[in-house]
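For the record, the sequence lines run as chains A and B.
Throughout the first sequence, residue numbering follows numbering that gives the first Met the number 0, covering 0 to 628 in sequence.
Throughout the second sequence, residue numbering follows numbering that gives the first Met the number 0, covering 0 to 628 in sequence.
In short, the hints are calculated from the structure, not lab data.
Predicted, not measured: the structure shown is a model, and the values here were computed from it.
One thing to keep in mind: the hints can contain errors.
Claimed, not checked - Here are the computed lysine-lysine pairs in the DSBU-like style, where the Cα-Cα straight-line distance is at most 30 Å: (1) B/Lys27 <-> B/Lys566; (2) B/Lys27 <-> B/Lys501; (3) A/Lys268 <-> B/Lys27; (4) B/Lys443 <-> A/Lys438; (5) A/Lys300 <-> B/Lys566; (6) A/Lys443 <-> B/Lys438; (7) A/Lys501 <-> A/Lys566; (8) A/Lys566 <-> B/Lys443; (9) B/Lys501 <-> B/Lys81; (10) A/Lys81 <-> A/Lys268; (11) A/Lys566 <-> B/Lys300; (12) B/Lys566 <-> A/Lys501; (13) B/Lys501 <-> A/Lys566; (14) B/Lys438 <-> B/Lys268; (15) A/Lys296 <-> A/Lys268; (16) A/Lys501 <-> A/Lys81; (17) B/Lys501 <-> A/Lys501; (18) A/Lys81 <-> A/Lys296; (19) A/Lys268 <-> A/Lys501; (20) B/Lys438 <-> A/Lys438; (21) B/Lys268 <-> B/Lys296; (22) B/Lys81 <-> B/Lys27; (23) B/Lys268 <-> B/Lys300.
Number of protein chains: 2
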Amino acid sequence: MSAIPQDFVKQTARLSDEITQPFPGSRKIHVPGSRTDIQVPMREVTLASTQTSAGTEDNPPITLYDTSGPYTDPEASIDLMKGLPALREVWIQERDNTEQLEGPSSEFGRARADDPELASLRFEHIRAPRRARPGHNITQMHYARQGIVTPEMEFVAIRENCRLQEMRADPRYAALLRQHPGESFGAHIPEVITPEFVRDEVAAGRAVIPANINHPELEPMIIGRNFRVKINTNIGNSSLTSSISEEVEKLVWSCRWGGDTLMDLSTGKNIHETREWVLRNSPVPIGTVPIYQALEKVAGKAEDLTWELFRDTLIEQAEQGVDYFTIHAGVLLRYVPLTAQRLTGIVSRGGSIMAKWCLAHHEENFLYTHFEDICEIMKAYDVAFSLGDGLRPGSLADANDAAQFAELETLGELTRIAWEHDVQVMIEGPGHVPLHRVKENVEKELADCFEAPFYTLGPLVTDVAPAYDHITSGIGAANIGWYGTAMLCYVTPKEHLGLPDKEDVRDGIITYRIAAHAADLAKGFPGAQVRDNALSKARFEFRWQDQFNLSLDPERARVFHDETLPKESHKVAHFCSMCGPHFCSMKITQDVRDYAAQQGVSAQEALEKGMQDKAVEFVEKGGKVYREV
Amino acid sequence: MSAIPQDFVKQTARLSDEITQPFPGSRKIHVPGSRTDIQVPMREVTLASTQTSAGTEDNPPITLYDTSGPYTDPEASIDLMKGLPALREVWIQERDNTEQLEGPSSEFGRARADDPELASLRFEHIRAPRRARPGHNITQMHYARQGIVTPEMEFVAIRENCRLQEMRADPRYAALLRQHPGESFGAHIPEVITPEFVRDEVAAGRAVIPANINHPELEPMIIGRNFRVKINTNIGNSSLTSSISEEVEKLVWSCRWGGDTLMDLSTGKNIHETREWVLRNSPVPIGTVPIYQALEKVAGKAEDLTWELFRDTLIEQAEQGVDYFTIHAGVLLRYVPLTAQRLTGIVSRGGSIMAKWCLAHHEENFLYTHFEDICEIMKAYDVAFSLGDGLRPGSLADANDAAQFAELETLGELTRIAWEHDVQVMIEGPGHVPLHRVKENVEKELADCFEAPFYTLGPLVTDVAPAYDHITSGIGAANIGWYGTAMLCYVTPKEHLGLPDKEDVRDGIITYRIAAHAADLAKGFPGAQVRDNALSKARFEFRWQDQFNLSLDPERARVFHDETLPKESHKVAHFCSMCGPHFCSMKITQDVRDYAAQQGVSAQEALEKGMQDKAVEFVEKGGKVYREV
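If we strip away everything but chain A, and leave its shape as in the complex, we get (with noise of 0.2 Å):
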């Protein structure tokens, strides 16, 4: 890990294909808004046209939300040595309420620039930092009190929206909007997402937009209830393994599977360092969790972390553009002795870093002595607050229990605190909790937090199932999304024995990517159900392409089909392996159709009001069986 080789840069410079290259049967489309520096960037699939017995149908194509970032663009000439382009650097200026400083102004930043042997691990074009002028507040959540619609806060409706109006005012997608009612628990989704609502959900703290000032490449997203369930996915390096580049790799790798926002976890040398290279190339809001770098600071030792060491790491990661903080400010000194009896203790890490200096001094988590002060550094350049939960439970055992409660109800203090400097904040949950229990976490965290953001690790259901640990905490994922959390952290197949790999990242993403869609499904967020239909239309009518191409994981879908039916040819075929060519439920269904085609009318009229005897009649009869369309 400690010294990068020269040939870091080349390494990074070329990212695989497989990384980068678009989606099959996908472009990258960028939808306008009210200025023309607003373009909105989705995914839109191109599907084949149905062919029937009357002749061809078209479909029309399918947007998606797309967090891929530029990356897939091949208009987009990608170069790492020099960042994304800075999207909102325009946005950022012309509210001219901030200033360029002269250079980093926290000592660990300055230390590190000035260090000559860092010189070959550096992102050569760091920007000087910005921070709010003096008396000016610059956060997203100060805006909207204000009742200022801000780019960012018009992208995000853009964004959330994924031309549904469209597609609304087109006849061709009347059958593909069909949808379910969804059951939202008391969210107030509404049937198009404005501005103006993002602006209100933001200003009333239901919502996010991390976009820390200094991290102008972001893509801005939004977290809350009323929204697209989101997921968050973590890379981080730690004593043991990987290095600057693989980070950087795995944030692309993130992306492009649908990761909505990175946590960079790391741990080990250099993460100064690797953060700069992930921010500058990150088009989605990057998460750290500080207390893990003032950990490194002290060499370990929690006892020996003070207030003065973690405000300068506050601001030497502000000023490199983190969009989002977590903090265990929330692991009181009278907490701790309530995990005594637990099965697994504290198991949050930042959490039992806390709960370590607390019993050390016998004094008050100073996160929370100085959280005013912490809010003071936060509002200067717009991060968000994701205030953590470092006494969740570790295994079913500890789920709500006395300990997790008490913390969330000091998050809830805190967040008020938070609000009153309009800093954003999201509240981080559990964990592992049953499935019967998941739900009670929702509610108390909407009642405790005033319905602040909710951000939850899984959770995992059941304890028994480490190698599998991406689905027993996508189980309580989806549910827990589906009762209103707003974004889900996802678990790799590894969680508990090792540290991911690609795949595991990628197994770990699509399983979140299923459990939030089933969340949005089921709360029914407007739209969601249009890709499913899609899919499902195209699998019904045995066009394999689309179906492939409509998928989460349209590679894999793919891979798995040509594993048993590999020809070409079979792309087009009008059945599949499980059944053979002879017998096919799908083909019997057209059958069936086509038989009562030739039949009469309303025997389904009788049917839906109930008029059974009437219905088999019109059957028996040899009536139309089919209404017309």
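Using the hints, position chain B against chain A.
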């Protein structure tokens, strides 16, 4: 597929070690019942002791429900050529109400038995079939309604408990028995499963013990919502691929990973012979969909099906020992038009066959009109009904629609009729259902079908993830199991795409074991949390081997761990690859505990009483933080 080569015998005679080796750290035990020939197989996992500063503390062994049959028993001699021992033969014989026939009484069965060309394929030790003597009803439901506890009922009672009473009487298990009270939505799960409770549940129709008198090899198990949630797996060649030997291997593989029952869905040639091999070597109940084979007999032309042909097929299969039949008797002529406006029509193979037949003949489904005749056959062998949901939805769009629910009501009507014959019944369910509409399925099934056990396929909670449908459906399965579904039919990653290979089957089974276990925990099944608690304790104490051995897939857990930390010494290391040796939350927590142990009493007690100031005072004054244990 056609001719099975001579080396088939050799091939199946040596199952690979991978399939039969005992699980690590485990031994097969047999818990005796009230008579010497009731010996209920379970798996016992031996654990290492815990090293504490105070010394060594034993961890008692954990008993697991075991579906793997004699294959994982090093004491058992396996000879696929001869089949498994006929465990239930004496029980069946001593009831003295059945007769052994001269040979198969179905035309087809006789034809196959007499065909010299099939000699090389044929299982050599076929017993002559057994059938109820005229005037006798020999079903488990019939005995139950007479107040009789059969050995099968006692067997399943012991099996469900997994030595829970012994654990309760042993103080070493006190902490492991801690469990969240469940939410079972009206199920009535007793604290201990007694043979009498099993009898009463079977008598009421709320549970099924699939146990054909011609399948004496099976280890009895029970399906009902007041018992552990079960999972079914599927095997089956199609006309495109696979062979007899592969099917037998898949059976053993399925049992190994936790399949409770297995459906043989073969549609190719020689399915009669394949089925014989599978049944004679199966410790789990076998289900089939007889209409598939009937269709083969009429060369795939649904309209050529007749009651007589179908009847012969039922007898053929019942005399081989199939334990439950999927019968699509609820696909009524008048329901077919209800599918006309569906996005994906009729996707059940059985359903589409019957729909086609109905329309071709303008007649009511012969499975419905001959339902009483079918009951007569079922009860002569004690074959259970699995009433098929031929109109289940094939996409979210079609979920919970008029067609699906109309059929469900008819299945309820048929359940009543079957119960008049004392024939056991399960009800099949969907399919594809958005998360928030899953519960409605269970509620409707329980009401319409009088609490007959529900047996569902998934359901998939989104259509957008082909290649990950074990996960999309695992989410639905955990939920529907929690709400009251008794058995979950697994789905593999290849669903909708191709035929599963061995690893797909394993992924599907483990996913469904997770779902079933998550449901057991949520329902509060007594003792369900013991395994979670034991594993979490092992995890917290860095007993890596114990963590692997207690997991659903010990092999993969170990492999995943070893990818990052391969050395044997790492198995006892007090750190893992996520954080490395110098930064570990588990270790820090232990430090916190050790520190706190030097302190005084009752801070926790004060906190539990809401006296937070008092608690802080204790800590601040350096009083003991942790209660003495």
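Results of checking the hints against the structure:
Only pairs whose Cα atoms come within 30 Å are accepted, and lysine 27 of chain B paired with lysine 566 of chain B is accepted, the gap being roughly 29 Å. At most 30 Å may separate the alpha-carbon atoms for a hinted pair to count; lysine 27 of chain B and lysine 501 of chain B meet this at roughly 24 Å. In summary, the hint linking lysine 268 of chain A to lysine 27 of chain B is not supported, as the alpha carbons are separated by about 49 Å, beyond the 30 Å threshold. Between lysine 443 of chain B and lysine 438 of chain A, the direct Cα distance comes to roughly 23 Å. Compliance with the 30 Å bound is thereby established for this hinted pair.
Between lysine 300 of chain A and lysine 566 of chain B the alpha-carbon distance is near 27 Å, which keeps this suggested pair within the 30 Å criterion. Taking the CA atoms of lysine 443 of chain A and lysine 438 of chain B, the gap is near 23 Å; set against the 30 Å cutoff, the hint holds. Only pairs whose Cα atoms come within 30 Å are accepted, and lysine 501 of chain A paired with lysine 566 of chain A is accepted, the gap being roughly 29 Å. With a CA separation close to 44 Å, the supplied pair lysine 566 of chain A and lysine 443 of chain B exceeds the 30 Å bound.
The hinted pair formed by lysine 501 of chain B and lysine 81 of chain B meets the criterion: a straight-line CA distance of about 24 Å does not exceed 30 Å. Straight-line distance between C-alpha atoms of lysine 81 of chain A and lysine 268 of chain A comes to about 23 Å, which keeps the hinted pair within the 30 Å bound. Of the pairs offered as hints, the one joining lysine 566 of chain A and lysine 300 of chain B holds, with about 27 Å between alpha carbons and a cut-off of 30 Å not exceeded. Note on lysine 566 of chain B and lysine 501 of chain A: the hinted pairing holds, with a Cα-Cα distance of about 23 Å set against a maximum of 30 Å.
Our distance criterion of 30 Å between C-alpha atoms is met by lysine 501 of chain B and lysine 566 of chain A, whose separation comes to about 23 Å. The suggested pairing of lysine 438 of chain B with lysine 268 of chain B is violated, with an alpha-carbon distance near 40 Å, which exceeds 30 Å. With a CA separation close to 10 Å, the supplied pair lysine 296 of chain A and lysine 268 of chain A stays within the 30 Å bound. The hinted pair formed by lysine 501 of chain A and lysine 81 of chain A meets the criterion: a straight-line CA distance of about 24 Å does not exceed 30 Å.
Restraint check: the Cα-Cα separation between lysine 501 of chain B and lysine 501 of chain A comes to about 23 Å, which is no more than 30 Å; the hinted pair holds. Between lysine 81 of chain A and lysine 296 of chain A, the direct Cα distance comes to roughly 29 Å. Compliance with the 30 Å bound is thereby established for this hinted pair. Annotation: proposed proximity of lysine 268 of chain A to lysine 501 of chain A holds, straight-line Cα distance about 22 Å (limit 30 Å). Between the alpha carbons of lysine 438 of chain B and lysine 438 of chain A the distance comes to roughly 15 Å, so the proposed pair stays at or under 30 Å and holds.
Straight-line distance between C-alpha atoms of lysine 268 of chain B and lysine 296 of chain B comes to about 10 Å, which keeps the hinted pair within the 30 Å bound. Between lysine 81 of chain B and lysine 27 of chain B the CA atoms are separated by roughly 22 Å; this keeps the pair inside 30 Å, and the hint holds. Between lysine 268 of chain B and lysine 300 of chain B the CA atoms are separated by roughly 16 Å; this keeps the pair inside 30 Å, and the hint holds.
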